[in-house]
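Protein chains in written order, with my numbering: chain A, 160 to 428; chain B, 160 to 428.
Intra- or inter-copy, both count: the list cannot distinguish identical chains.
Cross-link-like lysine-lysine pairs, in silico, DSBU-like; alpha carbons within 30 Å at most: (1) 391 x 207; (2) 362 x 181; (3) 320 x 257; (4) 314 x 163; (5) 163 x 391; (6) 391 x 257; (7) 209 x 319; (8) 320 x 391; (9) 391 x 314; (10) 209 x 320; (11) 257 x 314; (12) 209 x 391; (13) 207 x 257; (14) 213 x 257; (15) 257 x 319; (16) 181 x 163; (17) 209 x 257; (18) 163 x 207.
Honestly, the hints are just simulated from the structure, not real lab data.
Number of protein chains: 2
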Amino acid sequence: MHLKRLLIAFIALPLAYFYITKLPAGYFLFLLIAVSVAAQYEFYSMYKVKALLKYTGIVFGVFIILAFSLQPSLLSLKPFDLFAVLFIIMASIRLFLKRSPESSLLDIATTVTAVVYIPLLLGYQIYLRNQGYEWIIFLYGCVWASDSLAYYAGKGLGRKKLYEEISPNKTVAGAVGSIAGGAAGAVILKTVFIASMALPLSKGIILGIIIGAVTIIGDLVESMFKRDAGVKDSSNIFPGHGGLLDKLDGALFAGPVLYWVSIFLGLIQ
Amino acid sequence: MHLKRLLIAFIALPLAYFYITKLPAGYFLFLLIAVSVAAQYEFYSMYKVKALLKYTGIVFGVFIILAFSLQPSLLSLKPFDLFAVLFIIMASIRLFLKRSPESSLLDIATTVTAVVYIPLLLGYQIYLRNQGYEWIIFLYGCVWASDSLAYYAGKGLGRKKLYEEISPNKTVAGAVGSIAGGAAGAVILKTVFIASMALPLSKGIILGIIIGAVTIIGDLVESMFKRDAGVKDSSNIFPGHGGLLDKLDGALFAGPVLYWVSIFLGLIQ
Chain A
160 MHLKRLLIAF IALPLAYFYI TKLPAGYFLF LLIAVSVAAQ YEFYSMYKVK ALLKYTGIVF
220 GVFIILAFSL QPSLLSLKPF DLFAVLFIIM ASIRLFLKRS PESSLLDIAT TVTAVVYIPL
280 LLGYQIYLRN QGYEWIIFLY GCVWASDSLA YYAGKGLGRK KLYEEISPNK TVAGAVGSIA
340 GGAAGAVILK TVFIASMALP LSKGIILGII IGAVTIIGDL VESMFKRDAG VKDSSNIFPG
400 HGGLLDKLDG ALFAGPVLYW VSIFLGLIQ
Chain B
160 MHLKRLLIAF IALPLAYFYI TKLPAGYFLF LLIAVSVAAQ YEFYSMYKVK ALLKYTGIVF
220 GVFIILAFSL QPSLLSLKPF DLFAVLFIIM ASIRLFLKRS PESSLLDIAT TVTAVVYIPL
280 LLGYQIYLRN QGYEWIIFLY GCVWASDSLA YYAGKGLGRK KLYEEISPNK TVAGAVGSIA
340 GGAAGAVILK TVFIASMALP LSKGIILGII IGAVTIIGDL VESMFKRDAG VKDSSNIFPG
400 HGGLLDKLDG ALFAGPVLYW VSIFLGLIQ
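Could you put the whole structure together from the sequences, leaning on the hints where they help?
Okay, structure coming up:
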């Protein structure tokens, strides 16, 4: 399993790297839509959501991502229209799909909330990509460095559990490692891979630390959902790596936060 | 009880009418915020949502309504920011509030979805009010005429149940009555109460029919939620009338639909 795990990493990572850095922004939009569809599908399957609600949620997810790309006006919809329509349609579908009121709120709320959790949070990566591909490399590079250092720090050092009920393997040392990993990732990225990026090293380290911290929360939230749904991996599309959501969890939260903090720090507009 | 019911109607209705028609639009915003807070409170209480999640949802609801009023820019937030922040905060609160993953999605999704169901759908009444107070009178007048005719048609005529599992008292005749009531309401409103409104009678009747139809759906959806939560009335703030959500249910769905159809018909912009 460990070999398979390494093989996938050695094929998928460089492939993704070249896809993101060498191809125009439109290709990233396409990739993000594909990721959003697959991750939503995984999430709905985890929670055993009925097919009609599942596919309606996925279609709305595509519209949400397109709305990030086609700002400020998508077919002259007002900003909240997508969510108003989403709720009204989901509630109406559920009303006529099962002739029982039981757990109707859960059925509707799962799909409405999944659209926020996955495509809407992913959509911020469109804003980041619009600032240059370096921002995407920076985001995923820092998240990956956080995850990796958290894993090794958690294994090597520390016994004190971080949040045993949700993630029995995570330790406080791992959380510190995650933050340190974010900072270290930022330094390495900025000095080696994306040196041309208009980002002072000091602010890059701040961003790395924040990404490291937010990644832990994103990670724990996804673990919480998995345990709530009673599954171990979100799916098994990457043998040895678990599902797509397992890979995305940190970046889902870190993407919007990176975008907001970068605006706050005057790095982007 | 019937006397109390009538008394409340004879005091509350004219009061609301003069409040909406005689006072500037800012007062309507204030009323809508108060209604949104109270209705969300009711909804969360119905579903026994924990205090911290409940109040966070209510505060976000206020921001959502303000966002409708302060379009296009609220503190230079991007349109989706409110929902991204809402989800990240709700998920983080839930993560640390209960140390158990069980029903975490339901806890988070209930609050996120309630913000769409109540303040976001209510917010469209700000857009309507911006077109003139007549639009608000038209909306609530048609909903009220639909509800009333549905009630009497359902009682007098027809035996065939509309959706017994959710609303045992509703009949197909009642649904037809609701649509006819919307049309009749539109005619009466347009010829008596708001004759000055820039709305041709023919288009008014179309809008009335649509409001009558949508009101049924909004009504059934709220009944579904009440049965799901295991309560009879959403609360008992209006003795004999039930709760605020019981009064709002039709208008929650009819508001955005009236707004969208009126744009489609070229009546407003």
